[in-house]
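**Student:** The two chains are supplied separately, each in an independent frame; assemble them into the complex guided by the hints.
Line by line, the protein sequences are chains A and B.
Here my numbering is used: the first residue of the first sequence is 328, the next is one more, and so on.
Here my numbering is used: the first residue of the second sequence is 16, the next is one more, and so on.
Everything labelled a hint here was simulated from the structure, so no lab data went into it.
Treat the hints loosely; a few may be bogus.
As the list claims (entries may be wrong) - Facing chain B, from chain A, some residues (calculated, C-beta under 7 Å): (1) Glu436; (2) Cys440; (3) Ile443; (4) Val446; (5) Lys450; (6) Ile463; (7) Pro575; (8) Ser577; (9) Thr578.
These numbers were taken from a predicted model, which means no experiment stands behind them.
For every residue, glycine included, the Cβ atom is placed at its ideal position computed from N, Cα and C.
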Amino acid sequence: GEVCSPTLVSFMCCKFQRIDVSKQMSLPMDIRLPPEILKKLQMQSPEPCKPLSRMSRRASLSDIGFGKLETYVKLGKLGEGTYATVFKGRSKLTENLVALKEIRLEHEEGAPCTAIREVSLLKNLKHANIVTLHDIIHTDRCLTLVFEYLDSDLKQYLDNCRNIMSMSNVKVFMFQLLRGLAGELKLADFGLARAKSVPTKTYSNEVVTLWYRPPDVLLGSTEYSTPIDMWGVGCILYEMATGRPLFPGSTVKEELHLIFRLMGTPTEETCPGITANEEFRSYLFPQYRAQALINHVPRLDTEGIDLLTTLLLYDTRKRISAEASLRHAYFLSLGEDIHSIPDTASVFSLKDIQLQKDPGHRSSFDCFFPNSGRGKNRRQSVF
Amino acid sequence: EARLWKARVPKKPSSQDADISPGQRDEAVRWLADVHRRLQLYPETICLAVSILDRFLATVKARPKYLRCIAITCFFLAAKTSEEDERLPTLRELISSSSCGCTRSEMLRMERIILDKLSWDLHTATPLTFLHIFHAMVFSCKAVHFNSGLSG
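So here's chain B without its partners, still in its complex pose (with noise of 0.2 Å):
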């Protein structure tokens, strides 16, 4: 068991400017709470773009210059797999409104590496999903709970 949780905490990178270190990484999740914030999208969406920006992290080694390109192409990614069509933001509302400095060519090149990467795999339970399913459970405990209460 100890080694399963081992193998979960990051590893330390070698040096600063090889990798991105966890504290790069909480700064862009914060980033993109923040272009979230404002875009005032889906709590899914945020959910889904951090979980695929760490898978992403997680296998690849990624200069940290590259960081915010990488997290704004995965907030893109999760915006269209779990928005609705019409509440999609264009590529250039999401560069302009986030002001990540990055490119549309760039964003779509690095778009093509992270779904190469994951394999397309972008669907995955995140946080909220058990959030979801621990209130389902809460509720329906409580009412349980209630009847039990009224009949004993």
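One chain only, chain A, in its complex shape (with noise of 0.2 Å):
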């Protein structure tokens, strides 16, 4: 249930820690209240002191800066896309940091409908672990989503630690890029998700890379469920481990292959169904063996190593789920608490979970290797 308790003691409490936690937040996202909730507080007290009625409440919202582009101030360009471009900024309402998305709108079939998934979307999810989105600013020409600012992705992450994490550094990345997949789940349960099919092109319009897909999709399977996900997460904790891409296939056929040569040409044991999909016998595979994956990822200790296992499973079915995977045995080290901080606040909140420094990092490695810039754009987008 993604509905709080309605009332506006609890949202300015809820608004106050989330400051308290002092993530990176540009606006005080509580401020905008769903419409669902307003009707619900309008209902419940209607006697003396009424909440703001939604005329003045979007009035007063107007006046404090919300909804208009002269409230952000753009810095510089971070990326561009077919879709849309994303410039860093600063909110004048906060001086905190945002990411703003820019979205063209010479759209003949008005708001592209990948906006509309986008934000719809997000609108409904409150994690500390999915970005957040703060505000809408719809022109005539141009949409602009205000997201909140994140330093840098995995991708450039790994780039900056020269590819090698620290290894409980692993273990709290993955832990949080898990909770973020259950809480989505929990979402999706209630029919959230959209797609029945998975896309091919990212919300910016990349083409999605194949690395992260699991045998199945490739395979031609448009079920688009959770386990799909769970794939792409043993696939980034590799990559996370050893600071290398696991299948980096440029093509479906090359990357069957790699899976194949790592995990072992699937049967009708490990993969149920298999031997009767048309397109997998018309590759011909040989028959490969299962390697050990430990030879692979030696840095890796053993429920690590049992975790990458079960999220790699050919059979959908015995794939490990996002919350099952959030009590496997690799996480016992992270304590008992992480498991009841609220969905809304971050697991860097308990004392005990800290990031290490990271053996790569720049500033301990740049007086070595003065100019050893790692192949920056080899990595594709993971999402």
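**Tutor:** In structure tokens:
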């Protein structure tokens, strides 16, 4: 259930708590009460201290500066796609950094469906491990989405530590990733996830990389469900632990080939129904035997290898779920408290959870390898 | 509790031509269902369209002459939200197959108004969502009963 307790007081507390956590917030998100909650508020306390009416709330929000382009200062371009350009920016309201995603609206068909899906899904997701959408500015020419600013994505992070991450950081990042997915899973149960097929284009219109796709999808399964994401999570665990992508194929056939060479060519035992799959039969892959993962990820401990193995199962019914993996033995060392923090709080709100210095971090290595900018654009984007 | 129920009853409009009556709303929904049948889209789309329409009509006062334009634009937004890209009807197709009598620019303007009024909150649980959940529950219950019947 994403609906919090319907009192203004609890919203204010929630707001302050989030600021204390000092998550990078540009604007206190909770000022923007969702209409359902506002409706509820009006229904439950119609008497003396009636909350703001919709009209006056709208007026006051725009007085504050919500929904106005003037409220944000552009600082520099972060990236560009065919569908949108992302700028780093600052909110004049809070002086915090934000990411401004500008979507051009030359569209004949009105608001692009990708933007509609992105916004309406994100508005329903409030979780410390899912990027927060703070504001929407809709003008004739342009739609600007204001997101919380994130220092860097995983790809930049890995580049920055020269692909050698501390194994304890790998564990914390994995936990955060799975926490984000588990949250989404809860919402997906209520039918919020639209996708019935796997998109081939991202929101920014990039072609999605094949590297994180499970074999069932590569072999034509159109059933979009959470086990699909879990395969990708396994690929990311490997990539964080080794600094290399697990299956960097550039075509579907090559991708499958890389997977089968390491994990073994699927059989009726490991992947029920595979022998009846026309596409699989047409490729005529050799019969590879599964290799021991430990030889490929020596830095990962036994529990980590076990988690990786259950993430990379061919049989989607046996592949571990996000919820179950949060309870996996691999994460036992993070302590028991990590399971009881609220969705909206960061795992770093616990004293014991801290990031370690990554062995390969630039500042500690720069004096030794001043010019080894290891292939910056080598890695494709994950999502 | 009584208050809770009372709040859900749609208000009677003071004069017929000033606001959209429940009857006119129902008629628009039936018309959308027709359009939906002709275009053969997902059932999710029609359910979401009706939900968007009702939520929009609850926030604004609209004249009945705009109802068709509002309804077809809600339908367009619902389709954009829940249909596959390749099955998404274009604005032109939607206008011609529904014979709603609106122009493209009217629909585009209406789209902005609806998105703004609903602050882009299009995704919501619809009756169909609950049907899916109940359906899944009935099936899992059946299996449990069946198994316990066998063992007991």
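**Student:** Checking against the hints above, which ones are violated?
**Tutor:** Hints 7, 8 and 9 contradicted; others consistent.
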